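The listed protein sequences correspond, in order, to chains A and B.
Just so we're aligned: the first sequence equals residues 1 to 307 in the working numbering.
Just so we're aligned: the second sequence equals residues 1 to 318 in the working numbering.
Hints were generated in silico from the structure; no laboratory data involved.
Calculated from the model, a selection of chain B residues having no Cβ within reach of chain A, i.e. all distances over 10 Å: (1) 237; (2) 262; (3) 284.
Facing chain A, according to a computed beta carbon distance under 10 Å, are these residues of chain B, among others: (4) 82; (5) 124; (6) 188.
Restricting the straight-line Cα-Cα distance to at most 30 Å, the calculated cross-link-like pairs of lysine-lysine (DSSO-like) are: (7) A:61 <-> B:143; (8) A:306 <-> B:50; (9) B:50 <-> B:143; (10) B:143 <-> A:306.
In this text the structure is predicted, and so the values were computed from the model without any measurement.
Don't be surprised by glycine CBs; every beta carbon is placed ideally from N, CA and C.
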Amino acid sequence: MSAPSEPADTPTAARSGAGVIHDIGYRGYQGPRLGRAYATRSLFVQGLRGAFGLGRSGRSKVLPMLILAAMVVPAAVLVAVTVLMKRTDQPIDYPQYLATFGLFSEIFLAAQAPVLLSRDLRNATVPLYFSRPITRGDYVRAKAAAMVAAMLIVTVLPLLVLYVGALLAGLDFGHNTTHLGYGLLAALLYSVVLSAVGLLIAASTPRRGFGVAAIMGFLVVSGGVAGVVEAVQSGPPTAASSADWAFLISPSDLVERFVNHVCGLVQSSSSSFGDTPGTLGAVVFGLEMVVIVAGAYALLLRRYRKI
Amino acid sequence: MSTSSPVIRTDGLTKRFPSVTALDQLTVEVQPGVVGLVGANGAGKSTLIKILLGLAPATSGTGQVLGLDIATEGSAIRELVGYMPEHDCLPPDVSATEFVVHMARMSGLPASAARERTADTLRHVGLYEERYRPMGGYSTGMKQRVKLAQALVHDPRLVLLDEPTNGLDPVGRDDMLALIRRVHSDFGISVLVTTHLLGELERTCDHLVVIDGGRLLRSSSTASFTEATQLLAVEVTDRPDDAGFDADAAVQERLTAAGLTVRTDGARILLVDIAGEETYDIIRDTVADLGLGLVRLEQRRHRVSEIFTQEAADVRTV
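Looking at chain A on its own, in the form it has when it is part of the complex:
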């Protein structure tokens, strides 16, 4: 039984005799062990960095950085336009900016939600996490928080560019601050609702490509179908109509129209602002968002209970 340990000893002696420094034998660890909460935070940070390709290969940084640019550059251009043309208001309202460029944040979600969840499933890293202090609930919490935070970065950053630009251009402070608030509400709801949908789909497949296609497909198709149904039913685009119920099936429209209604943006300006079907519609839209988020989270927890 002592045979296997002998070869380990011999080179140690030989090397220390030769004065090589690096073989200093095994050292234990007596330092602090920071436990579950710290580990969960570490997983969150790793996930957030990973969503932007940080700490991963150079290639995986390309898409998130392009998306970030696609979200922010138009905002900078709009600011430039505002300044150059000496306009007295922004050419586009804050929540409307997010709705207009929503496709980019959806692409970001579709590409990165599988990075956060499918990769761990595919590489079978999940059991390694669960053999450490964190629980399955901590894992889901950290990943969900990372996805929402990444989405917030993508959506809030252009709003801040618009806002700072507006202030530098000397536009009305009160109006812009209020509408930035509306924008932030929209950004938060987009981030939370879309992340819920995206993560749920991503957790169901270990294949990243599959996840990307499924998420993108769901968001685009649901939005497209809702738009077609609404157009067929209502004829010319007008204000509140029963056809707007069609948007119940599209998460991004749900957020857009809910924010427009709640923040009173529909009455204040042009008809390009989509609305919910009346106050009842706003309540239903709001409830549906709660159901989507809570339901997706519960299903995620259930998904990871079995692993």
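Chain B: place on chain A using the hints.
What follows is chain B alone, placed relative to chain A:
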């Protein structure tokens, strides 16, 4: 190192799934050291590891790991235990260093300590310059080393190694077994290692726990496994003047008549179970009576595998 208290203790541990009973009233104590958990595929090894890590609740029975209760203190257990899974678990697009640092932090080590321990641990398992390259390009042996490193990086008091030699060539296997020995002898970390290859455990483990069908077959020191029943290898000469005489058959017949258990190993060697001191005398007298020359009379040990297959067969027929 406290040698008195067991690192693992289970009492009547039972795990039932709707269709199968994975663990059946398992009561076992595992002392510090290198302990082999032996069993065929589906014997309940993986289920036991999951329950010990506090990841799956037992249907009934209790257990402690490092004195912590598996049902209520899973998180604390997992902080002090390392786990090396059987399957591949390494993301291919990340370097070993980056991966192990992350896993160290997941075990609660502060960032600076995580980096320091990662460098140390990867060196100890034998990964040098290649640790900065993405793991997708690693050989099986290197991957196994990284998997071991991530289980050791937080300096646990116990590591659970699930089939660590799977997929390795003979040289890689020997290296891994030597490394596992060092984990205990040099690092002072207790090891529970599962395998279905018994020959490996014989050389590596101090103690063996054999389970089959979720039940404890046997738990004892490796030495007692191999010494419990000893054999004598007997080789005799032919009669020089009588070529037609089958010396082996004659000896075997006489010894069997004297109440001894005798087998041949197919190469002119008779294997005789030692029943006591008198066995030596009987063999000597028998050979002398027949007028043969005694070429070889030496002690042989049973291999663990023989005992295992024998006992498993016994249990199944009961």
